[in-house]
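Peer 1: Listed here are the chains, written in short residue letters.
2 protein chains.
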Amino acid sequence: MDILVVGSVAFDSVETPFGKADEVLGGSATYFSTSASYFAKVCIVAVVGEDFPDEHVEMLNSKDIDTRGLQRVPGKTFRWKGRYEYDLNQAHTLDTQLNVFSSFDPTIPEDYKDAEIVFLANIDPELQMKVLDQVKNPRIVACDTMNFWIEGKKDALKKLLKRVEILVINEGEAREFAEEPNLVKAAAMILGCGPKTLIVKRGEYGALMFDGKSVFSAPAYPLEDIFDPTGAGDSFAGGFIGHLAASGDSSEANIRKAIIYGSVMASFNVEAFSLERLNSLDKDKIDARYSEFQCLTHFEGI
Amino acid sequence: MDILVVGSVAFDSVETPFGKADEVLGGSATYFSTSASYFAKVCIVAVVGEDFPDEHVEMLNSKDIDTRGLQRVPGKTFRWKGRYEYDLNQAHTLDTQLNVFSSFDPTIPEDYKDAEIVFLANIDPELQMKVLDQVKNPRIVACDTMNFWIEGKKDALKKLLKRVEILVINEGEAREFAEEPNLVKAAAMILGCGPKTLIVKRGEYGALMFDGKSVFSAPAYPLEDIFDPTGAGDSFAGGFIGHLAASGDSSEANIRKAIIYGSVMASFNVEAFSLERLNSLDKDKIDARYSEFQCLTHFEGI
Numbered sequence: 007m008d009i010l011v012v013g014s015v016a017f018d019s020v021e022t023p024f025g026k027a028d029e030v031l032g033g034s035a036t037y038f039s040t041s042a043s044y045f046a047k048v049c050i051v052a053v054v055g056e057d058f059p060d061e062h063v064e065m066l067n068s069k070d071i072d073t074r075g076l077q078r079v080p081g082k083t084f085r086w087k088g089r090y091e092y093d094l095n096q097a098h099t100l101d102t103q104l105n106v107f108s109s110f111d112p113t114i115p116e117d118y119k120d121a122e123i124v125f126l127a128n129i130d131p132e133l134q135m136k137v138l139d140q141v142k143n144p145r146i147v148a149c150d151t152m153n154f155w156i157e158g159k160k161d162a163l164k165k166l167l168k169r170v171e172i173l174v175i176n177e178g179e180a181r182e183f184a185e186e187p188n189l190v191k192a193a194a195m196i197l198g199c200g201p202k203t204l205i206v207k208r209g210e211y212g213a214l215m216f217d218g219k220s221v222f223s224a225p226a227y228p229l230e231d232i233f234d235p236t237g238a239g240d241s242f243a244g245g246f247i248g249h250l251a252a253s254g255d256s257s258e259a260n261i262r263k264a265i266i267y268g269s270v271m272a273s274f275n276v277e278a279f280s281l282e283r284l285n286s287l288d289k290d291k292i293d294a295r296y297s298e299f300q301c302l303t304h305f306e307g308i
Numbered sequence: 007m008d009i010l011v012v013g014s015v016a017f018d019s020v021e022t023p024f025g026k027a028d029e030v031l032g033g034s035a036t037y038f039s040t041s042a043s044y045f046a047k048v049c050i051v052a053v054v055g056e057d058f059p060d061e062h063v064e065m066l067n068s069k070d071i072d073t074r075g076l077q078r079v080p081g082k083t084f085r086w087k088g089r090y091e092y093d094l095n096q097a098h099t100l101d102t103q104l105n106v107f108s109s110f111d112p113t114i115p116e117d118y119k120d121a122e123i124v125f126l127a128n129i130d131p132e133l134q135m136k137v138l139d140q141v142k143n144p145r146i147v148a149c150d151t152m153n154f155w156i157e158g159k160k161d162a163l164k165k166l167l168k169r170v171e172i173l174v175i176n177e178g179e180a181r182e183f184a185e186e187p188n189l190v191k192a193a194a195m196i197l198g199c200g201p202k203t204l205i206v207k208r209g210e211y212g213a214l215m216f217d218g219k220s221v222f223s224a225p226a227y228p229l230e231d232i233f234d235p236t237g238a239g240d241s242f243a244g245g246f247i248g249h250l251a252a253s254g255d256s257s258e259a260n261i262r263k264a265i266i267y268g269s270v271m272a273s274f275n276v277e278a279f280s281l282e283r284l285n286s287l288d289k290d291k292i293d294a295r296y297s298e299f300q301c302l303t304h305f306e307g308i
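These protein sequence lines map, in sequence, to chains A and B.
Residue numbering for the first sequence follows the numbering used here, starting at 7 and increasing by one per position.
Residue numbering for the second sequence follows the numbering used here, starting at 7 and increasing by one per position.
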């Protein structure tokens, strides 16, 4: 199955205790599609400005990512500037320049209106809905969001969630959306809003999956060198949705496997700035780390 | 194998968002030994004051816990007062009264000097050493500590660690002891100080085991109702050491199982104030939750 993703393509400037990167390629749709490209074909819907270099588009195309839905319009590309302290779970936003993103009107290439899997990366829920309205009959709709939209556009988000099968959000956002500190209770409340499956991302603590019947706890891979957590959540979503698309199987058992593939991709992503590490992978490296996740979590029965 | 534990027996006053408890039975040795009593015989070395009621001693004895090493001396029992906010991972100490603990001189009952497993719960590392000096030839020495001793008695702690096989500490304490924010690097540094195995407790995020060759990640059990996290770490240690003692097997594979038993006991403990829930268990309930940990973490191979 092919994947349709809508999200941001951006220039990121990032400082961590281990170094800094200026105006490097970033954005949720970029991380997502690069990660997912190792599993399935992805069509990206996003907007960039006149300052966006062809080489970045060529890089995406070299991964067999369909960029016909990447609009290039007058103005400057979206920019994000952030800093991480030693607690790499917490991004501190220093500056956000929406630029061409402020008037983004997503348009889906005609032959992608039949997409069976849609990932709505973290953008305005009204834009996410606009994308969904153009897709004919998707089998799986997954989406991400953030505190900014939970606080500012909760009604639009709630309307969207009725049409979403899988919600993938951070732990703090799950608690904030549900207005409930206990994660198990928060998950039950969120599942009541529409999604069949909730995946809670917990940074270096891994991820939890709730579907109303069972709970799955996935660890994060313990890394000696974490350079830059930017894009970890979108790389996770890329591996997760990528595996679901490649297998065409959305059973609970396969969702667990997909979560591990997502965790694998996130673990690679944080090893370098921007898409440096994600770009240097192949299926063997990905599968080798998948096996390491098995070693990491295995214990014998009673 | 029998277990020898030295630690505190205390009266705790605890406030959480879900209720409060005044002057209830607590202390690291109490939680540890109650938890471990479901697995093996435990001998407790601690001190209480004249105000300590017989019924608490009888409760411990009813669990087949050997209390001959529980000294009763003139003065008042150790008291701790703390509060938890909605973030139940973080205890805020409101008051500590050492009382009889300030002049505690631990003495091991003669027939426990042959103990094969010793757990040095979180007390002054000089007292922990004093206990260790009285034990003849233990097969496994495990210990816990806290930021207070890391900051105030690091040299004594380092000296102790040379004689410790298994160190069980909190995540923040591991980072603080190693003066290293990255947990994988911190673990390598700590293993270099003596312990063969390091277990890092992460509260609601579970536990990590490092032994220099492999890493094991155990989840915490996602609970809908967490009433009181007091004693969770000591209940964890009780289940962990208890399983090692009962099986007489300290292989890596069995240490993983022991960590899950520790996680099971911690998950029960937080469901009620004081030892209420820990006291109401049996081996079937414990094994049933062990199986739930398997469901929680299972995923298929590639």
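By construction, these hints were calculated from the structure, which means they are not laboratory data.
Treat the hints with caution; some may be incorrect.
Pairs count within a copy or across copies, as identical chains cannot be separated in the list.
Unchecked claim - Each computed EDC-like pair below joins lysine to aspartate or glutamate, with the alpha-carbon atoms no more than 20 Å apart:
(1) Lys-263 / Glu-298
(2) Lys-87 / Asp-28
(3) Lys-191 / Glu-91
(4) Lys-219 / Asp-139
(5) Lys-160 / Asp-70
(6) Lys-191 / Glu-230
(7) Lys-289 / Asp-70
(8) Lys-191 / Asp-231
Peer 1: So, for every hint listed, does it hold in this structure?
Peer 2: Against the structure, the hints come out as follows:
1. Lys-263 / Glu-298: both (13 Å within a copy, 18 Å between copies)
2. Lys-87 / Asp-28: within (9 Å within a copy, 49 Å between copies)
3. Lys-191 / Glu-91: between (31 Å within a copy, 17 Å between copies)
4. Lys-219 / Asp-139: The answer is neither: 30 Å in one copy and 52 Å across copies each exceed 20 Å.
5. Lys-160 / Asp-70: neither (35 Å within a copy, 56 Å between copies)
6. Lys-191 / Glu-230: between (34 Å within a copy, 6 Å between copies)
7. Lys-289 / Asp-70: The answer is within: 15 Å in one copy meets 20 Å, while 55 Å across copies does not.
8. Lys-191 / Asp-231: between (34 Å within a copy, 9 Å between copies)
Figure legend: structure checked against the earlier numbered hints; hints not met, in rising order: 4, 5.
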